[in-house]
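A.B. asks: Based on the hints, put chain B in the right spot on chain A.
Chains as they are written, first to last, in the working numbering: chain A, 194 to 368; chain B, 1187 to 1427.
Heads up, none of these hints are tricks.
Cross-link-like lysine-lysine pairs, in silico, BS3-like; alpha carbons within 25 Å at most:
| id | chain 1 | residue 1 | chain 2 | residue 2 |
| --- | --- | --- | --- | --- |
| 1 | A | Lys196 | A | Lys306 |
| 2 | B | Lys1280 | A | Lys306 |
| 3 | A | Lys252 | A | Lys320 |
| 4 | B | Lys1294 | B | Lys1280 |
| 5 | B | Lys1294 | A | Lys306 |
| 6 | A | Lys318 | A | Lys252 |
| 7 | A | Lys293 | A | Lys306 |
| 8 | B | Lys1323 | B | Lys1280 |
| 9 | A | Lys293 | B | Lys1294 |
| 10 | A | Lys320 | A | Lys293 |
| 11 | B | Lys1323 | A | Lys306 |
| 12 | A | Lys196 | A | Lys293 |
Bear in mind the hints are in silico, worked out from the structure with no lab data behind them.
Spelled out from the first residue to the last, the chains are:
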Amino acid sequence: MLKPGDPAPTFDLESALNGRTARCSLGKISSDLVLIFFYPRDFSFICPTEVTGFNKALKEFTAEETTIVGVSIDDVDSHLRWARELGGIGYPLLADPDGKLARAYGVFDDQQKVALRATFILDRKRKIVFAASCPLNVGRSVIETLRIVRALRTGQLCPADWTPGVEFGPAGREF
Amino acid sequence: MAAIDPAEKRRLFERLSSVREIVFGVQDGVLTTAGVLCGLSGAVSQHSQVALAALASTAAGALSMGAGAYLGTRAETEVLRAELELVRADAAAKPYTVQEGLLDELCKEGLSREGAYRIVRLLSSSPRALASTAEAKMFGLSGAMIGRPALDGIVMGIAFLAGALVPLLPYMLIALPRYDLGGALAATALTLFGVGYFEGWLAHRDDRWRSGVRFLAIAMSAAAVGYLIGLAISPLGATAG
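Chain A with its partners taken away, still in its complex shape (with noise of 0.2 Å):
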């Protein structure tokens, strides 16, 4: 799996966006951050928890500078069937059949032959300044996703559960 640091590995993709088959590609991409997340599977029980939690949150990231891309193994038909099942995705959702951006990302399961429930946030230069992994059965906290966004964009030292208004920095501290 990447780690912070690494260059994000590009992607041109097909995608399921607002009803519509759309290509996405990363380098089109203009917005501060971009955070992608990996999910095994459409037309499942946890991912759609994932999936409409970042959509319900989606004006709070791209408040943020951030887009969303969701990322999964399914084909683009697949995607536009979950998506219209879900009430409709306003981000787009990236058909991965392969896995290949998957195995780039060093997220993909072998075994399940699916991808990890993996995030990536990167940074404008593109490189990888966060990754995190949850196991199949774990959905991912959108709350916290985004508390990460805002944390990374203020470039700031942000202690532990670091909010917006609260003060930067460990210094001066006691612990």
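C.D. replies: Okay, now just chain B, sitting in the frame of chain A:
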């Protein structure tokens, strides 16, 4: 078109669940008693002594087999119940895990992921339906597998007794040397063939005769070995006397 009545079919399956005890009990009763008769006839010369010993063996065998079936089914039932409770508790506590597991199983059986997802989603509207389907599909468990220990014990005991009477009755009724054992073996052979044939009939097999012959071959082998063992140990009886 004749519709299948699920309730009737279920009752039939419940009745058929005793077939194992009936077939096992009858076969064991017939074989054990025929073996005892053959073995004792080789070792003991008195007809009444052989018959008495075979009767005692039959009574002990029926009780032992009945108790064994009761204890076996009870142990199996307890383990199965515990497993079912674990699965049900798991389904209640971690429905997502069960849903994902069931989804994978249905996909393995050839359903499309989308189709399987819709089925699991529908099942999820009833926790009971989700749990029972997960039990069957994911773990091969089913409430219908829970046996009835007392019934199994009684059926096994009676089946053993009925099987034992097959060689025993002709042996006791025919008081002529050689003919007694011959009659017992003939009845044994006929019954075992019948049990094999019956089993083939129950299983809707075309080769019911082969099934009968297989039972017969086993019986003859057991009887022959029993008789040979009796012959081999008869000098020991003579020394002791």
